[in-house]
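Sequence order for the protein chains is A and B. Going by the numbering used here, the residue at position 120 of the first sequence is 120; the numbering climbs one at a time, nothing skipped. To get the numbering used here, take the position in the second sequence, counting from 1, and add 1000.
It should be emphasised that the hints constitute simulated quantities derived from the structure, not laboratory data. Quick caveat: nothing in here was measured; it's all calculated off a predicted structure. Glycine is no exception: its CB is placed at the ideal position from the N, C-alpha and C atoms. There could be a bad hint or two in this list.
Partial selection, computed: residues in chain B whose CB lies under 10 Å from chain A [stated by the list, open to error]:
(1) V1026
(2) I1029
(3) R1031
(4) I1070
(5) P1092
(6) I1094
(7) A1097
(8) L1098
(9) P1099
(10) I1103
(11) K1108
(12) M1109
(13) E1112
FRET-style restraints, in silico, Cβ to Cβ [what the hints assert, rightly or not]:
(14) P141(A) / R1031(B): 51 to 59 Å
(15) S1032(B) / E82(A): 34 to 42 Å
(16) N1085(B) / P33(A): 50 to 58 Å
(17) C1054(B) / L137(A): 46 to 54 Å
(18) E169(A) / D1024(B): 33 to 41 Å
(19) P135(A) / V1040(B): 51 to 59 Å
(20) D1100(B) / G61(A): 26 to 34 Å
Here are the simulated lysine-lysine pairs, DSS-like style, with alpha carbons at most 27 Å apart [unchecked claim]:
(21) K130(A) / K110(A)
(22) K59(A) / K1108(B)
(23) K1108(B) / K110(A)
(24) K59(A) / K7(A)
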Amino acid sequence: MAAGEEKHLAERRAALLQQAAAAAEAQEGGEGPGIPLLLFGLGGESYAFPLERVREVVKPGPITPVPSIPEHILGVMNLRGEILPVLDPKRLLGVGVGTATPQGRIIVVKAPGMTVGFLADGVEDAIEVKGSMEPPLAILPERQARYLQGQVTHEGLLVGVLDVETLLERQS
Amino acid sequence: MVGDTSLEVLCFRLGGVLWGIEADQVDRIARSEEAPEGSVVDATRALGVAARECETGRRLVLRRGSARAILSVDEVLDLVPFSPNDLAALPPVIAGALPDQRIWAVGKMGDEILLLLDVATLCGADAPAEDVDGSEEG
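Start from the sequences and build out the full structure, keeping to the hints where you can.
The following block contains the structure:
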């Protein structure tokens, strides 16, 4: 291959890679309104709630179990005089069993007509993701995909955005 | 005038859970070796918990009209007055997940939460119809 040809090929490849990087950057941090999210951990993965749905984040207090209810409902907690139902999203998503640890947090979420707590392994950050929310990947297990409003890319990783209403639907 | 609206509740533990029943729905408390008359409530079936066999065990004789129902419990704790501020409805996400209306409210006791039992639902879940008929005998 002639030297000129090689140079042309290298330049073309460099230009293509530059365009690819710009496209990826645009997808993650491009123009348009951002999506405010609260990032938290569940079973080693990052998930998020839309920040507008989050009322507060608290340390887990004593949770009173209520017999005869589905396992994903951990019970009720007295949050400054308010009786807060606490749910285990890990059980719903099939990524383990939630236990209250010192790092664990209860994310208090507003839902129509009620306020509910979700036990998370830990809260990571409040972020604003540029770009749009994509539908859940087709390869995700149905058990997880059904609870996702969509997915966003944050720091190169896909983050599932949980759908509060679906999480609160009565489980059979 | 708190006394006018407060509710006196008999608090007890059953299956490790803190429960309460309005005091005026409890006829008396019997020792576990007694066999008071009345239909026996199967707590496992009615509440999803079982009484432990222990020295502190008691039998609550519950009033349901003229009928009596017996509920074995792990331990009777105390009679506690609850003001309306100490009571709250069961959150809908939990009430909707229960098979019936056995818990009509929750009571706040510091960090702990007490589950207030509805005797009519409790007895209805187990006792024969003639035993749980709430109508007064003529």
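* Asked: Regarding the hint that I1103(B) lies at the interface with chain A, is the smallest CB-CB distance below 10 Å?
  -> holds, 7 Å
* Satisfaction of the hinted span 34 to 42 Å by the C-beta atoms belonging to S1032(B) and E82(A) -> The hint (34 to 42 Å, Cβ to Cβ) holds, given that S1032(B) and E82(A) are roughly 37 Å apart.
* To do: Let me know if the C-beta of A1097(B) comes in closer than 10 Å to any C-beta of chain A, holds or violated.
  => holds, 4 Å
* For C1054(B) and L137(A), compare the CB-CB distance with the range 46 to 54 Å and indicate the outcome. => Holds: the Cβ-Cβ distance is about 53 Å, inside 46 to 54 Å.
* Given hint L1098(B) near chain A, where the shortest CB pair must fall under 10 Å -> Status holds, d = 6 Å.
* Pair hint outcome, K59(A) versus K1108(B) [Cα-Cα no greater than 27 Å] -> Answer holds: K59(A) to K1108(B) is near 19 Å, not above 27 Å.
* To do: Just tell me: holds or violated, for the beta carbon distance of N1085(B) and P33(A) against 50 to 58 Å?
  => violated, 43 Å
* **I1094(B) as chain A interface residue, shortest Cβ-Cβ below 10 Å** => Because about 5 Å separates I1094(B) from the closest Cβ in chain A, which is inside the 10 Å limit, the hint holds.
* Asked: Are R1031(B) and chain A close enough, Cβ to Cβ, to be under 10 Å, as the hint says?
  -> violated, 25 Å
* Interface hint for K1108(B), Cβ within 10 Å of any Cβ on chain A -> holds, 6 Å
* Return the status of the interface hint for I1029(B): holds when the least beta-carbon distance to chain A is below 10 Å, violated otherwise. => violated, 22 Å
* Restraint check for K130(A) with K110(A), where alpha carbons must lie at most 27 Å apart -> The hint holds at about 24 Å.
Figure legend: structure checked against the earlier numbered hints; hints not met, in rising order: 1, 2, 3, 4, 16 and 24.
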